[in-house]
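Chemist: Listed below are the residues making up each chain.
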Amino acid sequence: MYRRLLASLLRWTLRLDVGINRVYPADFNPLYYTGGLSNLFLTILILSGLFLFFYYVPSYNEAYTTVQYISERVPYGQIIRGIHRYSADGFMIVILLHFFRNWFTERFRFSRDEPWISGMMLLVFAGFIGVTGYVLVWDQRAELLVVMTGNALAAIPGVGGWLRNLLFGGPGLTNLLLPRMLFLHVGPAVLLYVLLWWHYVRLRHPKVWPPAVWTLFSLGVVLLLSGLIPAASQPQASPTTPPRQLAVDWLFLLPYVSLKYLTPLWLIVLATVIIVYGLYIPYQLPETRAELGLRESGIAQVIDANCTGCELCYYDCPYNAIVMAPSPHPGVTKAAQARKLLAIVLESRCVECGICIGACPFEALELPHFLEQDVQAKVLAACRS
Amino acid sequence: MPELGPPPKSQSQSAPAPDVLARAAGPGAAARRPKIVGFLCDWAVSADGIVREDGTMRDLPNVTLIKVPCSGFIRPSWLEFALKNGADGTFVCGCPLGDCFNRLGNNLIQDRVTQMRRRLERQKIQPDRVGTIYYGLHEQEQFVAAVREFSDRVAQLPAPPPPPARRPAGVSPAKPSDGSPPGPTPAPEEP
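Chains as they are written, first to last, in the working numbering: chain D, 577 to 961; chain X, 1291 to 1481.
What the hints contain is simulated information worked out from the structure, not anything from laboratory work.
Every value quoted in this text rests on a predicted model; they were computed, and no experiment measured them.
Treat the hints loosely; a few may be bogus.
[Stated by the list, open to error] Listed next, the in silico DSBU-like pairs over lysine-lysine satisfying Cα-Cα at most 35 Å (straight line):
{"id": "1", "chain 1": "X", "residue 1": "LYS1374", "chain 2": "X", "residue 2": "LYS1414"}
{"id": "2", "chain 1": "D", "residue 1": "LYS910", "chain 2": "X", "residue 2": "LYS1414"}
{"id": "3", "chain 1": "D", "residue 1": "LYS916", "chain 2": "D", "residue 2": "LYS783"}
{"id": "4", "chain 1": "D", "residue 1": "LYS910", "chain 2": "X", "residue 2": "LYS1357"}
{"id": "5", "chain 1": "X", "residue 1": "LYS1357", "chain 2": "D", "residue 2": "LYS783"}
{"id": "6", "chain 1": "D", "residue 1": "LYS910", "chain 2": "X", "residue 2": "LYS1374"}
{"id": "7", "chain 1": "X", "residue 1": "LYS1414", "chain 2": "X", "residue 2": "LYS1357"}
{"id": "8", "chain 1": "X", "residue 1": "LYS1325", "chain 2": "X", "residue 2": "LYS1414"}
Model the full assembly from the supplied sequences, consistent with the hints where possible.
Modeler: What follows is the structure in structure tokens.
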């Protein structure tokens, strides 16, 4: 059932690609660069966020005023605030595109679960940072968010009240609330870069940046939006007039909208289930290669005698599965005798794609169950038939 | 909006337009069926329904497909090996450029084939006998059309001169009386 659903989703994803490739050259297909685009939006967010950080005061009485000051008095403040606001939306959109695309094209298979899991964490933290950003503005929506989050957390049996006090610095609206929110906005943003390191550590030559034309396009859209639809606060939060209506942002505040239909406890259970399921996706299909109709090629093996330490496989392995170590002894062939380095395959990272075999000009790497002579025998059989 | 042309032309990048060669070689040349060896990535075009039991293609019996784990797995020397052992043309089929399942495989093989074409030129082998084709999982029709186009193009190439690279075993100047075939591990020399 899940298998069939995934197959049809893959079919539609590839059909969409074919359609886009008809319009753009394949090198510029934006769907091939969703990862790079999210990195671009993250960079815009960090730079514009630094600008806003210079002016923002996280105190109960001044937060709203400083945000208004940025919008009205600081030169280009309104534009920068709009850029921060709309590139956050763009960030979330391209992250979700990246998530769904890699899910449907099954790019979590074999030893690629670590990029998947770090990516799930990046997604969760990006959503969390978005919500804390809405609180920092400290308008009526922010107050409502705090109340709703507090109620939802308090609904957890046992640790609920403790969790709420940990997050907000006490029951109700306290002076600790906004400094804490500011930290929870900026701190996880730094954490995103730590997670990104984890996301990239198994990738060589990751596509961290989109082509220039998409960079300019994204910048242009964000600038245009912040000029045309200025990011604005709602009326200031005040305890005397508690807000009734939540101004909806469908990207970040979807869980709060669903509180209309769910009890807080159910929402928390549902969110936990969704996140845990997301982390479980790579392990949901424990199909072996035989079940997939693929041969068992085996982990790539270095032939010690032939390796010259030239590093070509090290540069070409897309998963960083090959490391160069100081050679403990010279090789056997003439070219390998003067080597300083020796290639070593990290088995936990190898996906048996064989790209290192194509990279090696010295026949020093092989897939143990699909040797060069097997390929040559097949070629000879094909030529003779 | 600029018209980019049909997909086969825009995607098989490393070969000139077929009609130019068709005019050069004349109409009768296509009748000769060239022997083609193709390397097909497991994650690119699905082989279901287009390949027979023995690996030849259902629509093009002169084309044999060899499945490999990734297009980047292929050593250019294997393409050369096929050409020197009787194949008239070889091609590699990978996922669409930029969308390799293994991230970089098809870009790498594209680079390697480009380098290899220069090497073939120096060996007096027409570089158009080597091609690259990039199609995704479900683009079987386009793939078959592209292979047919490649096959026709190879058929119209003039026959290569007898290759001097592979010396007949009996007339080797190094060992005139030795009948052992040339290979990477030479027979031990006699005193």
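Chemist: A separate judgement is required for each hint: does it hold in the structure or not?
Modeler: Comparing the hints with the structure gives:
1. Distance restraint check for LYS1374/X and LYS1414/X: the Cα-Cα separation of roughly 12 Å lies within the 35 Å cut-off, and the hinted pair is therefore satisfied.
2. This hinted pair checks out: LYS910/D and LYS1414/X have alpha carbons roughly 30 Å apart, not beyond 35 Å.
3. Restraint check for LYS916/D and LYS783/D: the C-alpha separation of about 31 Å stays at or below 35 Å, so the hint holds.
4. Using a Cα cut-off of 35 Å, the hinted pair LYS910/D and LYS1357/X holds, with the two alpha carbons roughly 33 Å apart.
5. A C-alpha spacing of about 28 Å is found between LYS1357/X and LYS783/D, which places the hinted pair at or below 35 Å, so the restraint holds.
6. This hinted pair checks out: LYS910/D and LYS1374/X have alpha carbons roughly 27 Å apart, not beyond 35 Å.
7. For the suggested pair LYS1414/X and LYS1357/X, the alpha carbons sit about 29 Å apart, so the restraint of at most 35 Å is met.
8. Restraint check for LYS1325/X and LYS1414/X: the C-alpha separation of about 19 Å stays at or below 35 Å, so the hint holds.
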